[in-house]
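> Those sequence lines, one after another, are chains P and D. Position one of the first sequence corresponds to residue 1 (the numbering used here), numbered consecutively onward. Position one of the second sequence corresponds to residue 1 (the numbering used here), numbered consecutively onward.
No lab work stands behind these hints: they were computed from the structure. Treat the hints loosely; a few may be bogus.
Each pair of labels, with its calculated beta carbon distance range [as the list claims (entries may be wrong)]: (1) Arg-127(P) x Asp-50(D): 33 to 39 Å; (2) Arg-230(P) x Leu-105(D): 55 to 61 Å; (3) Thr-123(P) x Ile-42(D): 28 to 34 Å; (4) Lys-78(D) x Ala-186(P): 53 to 59 Å; (5) Glu-14(P) x Ile-79(D): 35 to 41 Å; (6) Lys-139(P) x Asp-50(D): 56 to 62 Å; (7) Val-114(D) x Lys-211(P): 46 to 52 Å; (8) Ser-214(P) x Asp-44(D): 51 to 57 Å.
C-beta atoms are modelled at their ideal positions from N, C-alpha and C, and glycine is treated no differently.
The lines below spell out each chain.
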Amino acid sequence: MISLRIDDTPVQAEPGETILQAARRAGIRIPTLCFLESLSPRGACRICLVEIRNWNGRLVPACATPAQEGLDVVAHSDRLTALRRTILELLFAERNHICAFCVSSGHCELQDLATELGMDHVTFPYRFPALSVDLSHPKFGLDPNRCVLCGRCVRACAEVEGAFTWGFSGRGVGTLVEPDLGGPWAKSPTCTGCGKCVQACPVGALFEKGKATSEQVKRPEILAEVTERRPRA
Amino acid sequence: MPKVRLATVWFSGCSGCHMSFLDLDERLIELATKAELVYSPIVDIKEYPDDVDVLLVEGAVGNSEHLHLLQEMRAKTKILVAFGDCAVTGNVPSLRNPIPREEVLRAVYGEGEVPGLEEGAVPKLLPQALPLHAVVRVDRFVPGCPPSADRIWTFLQGLLAGRRPELVGADLRFG
């Protein structure tokens, strides 16, 4: 076992576990967005940033950093709250994340994070990009206006379904999640229509058609349920 | 203790936040013992008075009149409150923001003369509907579409008692 400290609490971790896993087992909450149990960690959103005291205060993503012997981790501080809020504000400013007319309002991890981190407004100017919605698929919709580019859909599709339908196109703020080499989704030759991407999506970017906002409850935990039942090699 | 001079106004919004304000119901009577409503769409006062203590602004800044009034109000107000999601984020009125202004107006008014394209009897539409803090300094933010009467009451009680922050936890929620 590895011994480390998180928020001055002694914590034990198995070799290969991340700081996030060790914290969760010890009941210490670290906010996350792009992390999803059973999918490979990506460190894409940086919401789970923690500070390592004995690495000169270096900031690392808890989801993608292995627990190491003797680490002195700060998971909660004014500095970290300010950083996480800034990251969150940048996410809100980047696309059209308007809760009042979103299918995921009330069941959204981005909306919940804003509440958890006390974000009462966005200090950056909103970009208001013009992005078109793909409603070609008979069961599901893709709204890039709501996308946070966490890549949970991309990983769920590749790592759990094995279809490799979703991928990123473009760079920086212009990055889009697209099926195969570009939409429409309904024309995708690889999509199996399983809907794992929709369940994995933390926001309203992927949604089920024909469901009202109050019914649009996602079950990202099914990804872990599916993989745990599978026979291991 | 002198009464707090309270004002409210709505810009590019649906008046839902004011409806929610009226949903304070019997708490309005308690509020009236502490605050005097000196300007509001629901009272018959035409000119924005000097020395307002608290102003609740509903709605985004959508046209030149909103812009002008907001700047004037800011100068005459101690505590300016972005009241509801449209004032805080742009919200529903900002749906038009990715679309060019002329295209939006043409879609609404069709061919022929389009009001709002230029300054006239109807104020000129701004290129984008903006949250208040993009235009003036904002002192407090009350999110919600609309904020519930309970949230408004929590906020007003905190504000009148001088507590900060007035809203925490589940009361800081958009949508």
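> When you take the CB atoms of Glu-14(P) and Ile-79(D), is the distance between them in 35 to 41 Å?
violated (53 Å)
> A range of 56 to 62 Å was offered for this pair. Does it hold for the Cβ distance of Lys-139(P) and Asp-50(D)?
holds (60 Å)
> Could you tell me whether the CB distance from Lys-78(D) to Ala-186(P) stays inside 53 to 59 Å?
Roughly 56 Å apart at Cβ, these two residues keep to the hinted range, so it holds.
> Quick one: are Val-114(D) and Lys-211(P) within 46 to 52 Å, going by C-beta?
For Val-114(D) and Lys-211(P) the Cβ distance comes to about 38 Å; the hint is violated.
> Confirm or reject the claim that Thr-123(P) and Ile-42(D) have a C-beta distance inside 28 to 34 Å.
holds (32 Å)
> Is the hinted range of 55 to 61 Å satisfied by the C-beta distance from Arg-230(P) to Leu-105(D)?
holds (56 Å)
> Taking the CB of Ser-214(P) and the CB of Asp-44(D), does the distance hold inside 51 to 57 Å?
Once the Cβ atoms are compared, 40 Å apart, the range 51 to 57 Å for Asp-44(D) and Ser-214(P) is violated.
> Would you say the C-beta atoms of Arg-127(P) and Asp-50(D) sit inside 33 to 39 Å of each other?
holds (38 Å)
Of the hints listed earlier, those the structure fails to meet are numbers 5, 7 and 8, in rising order.
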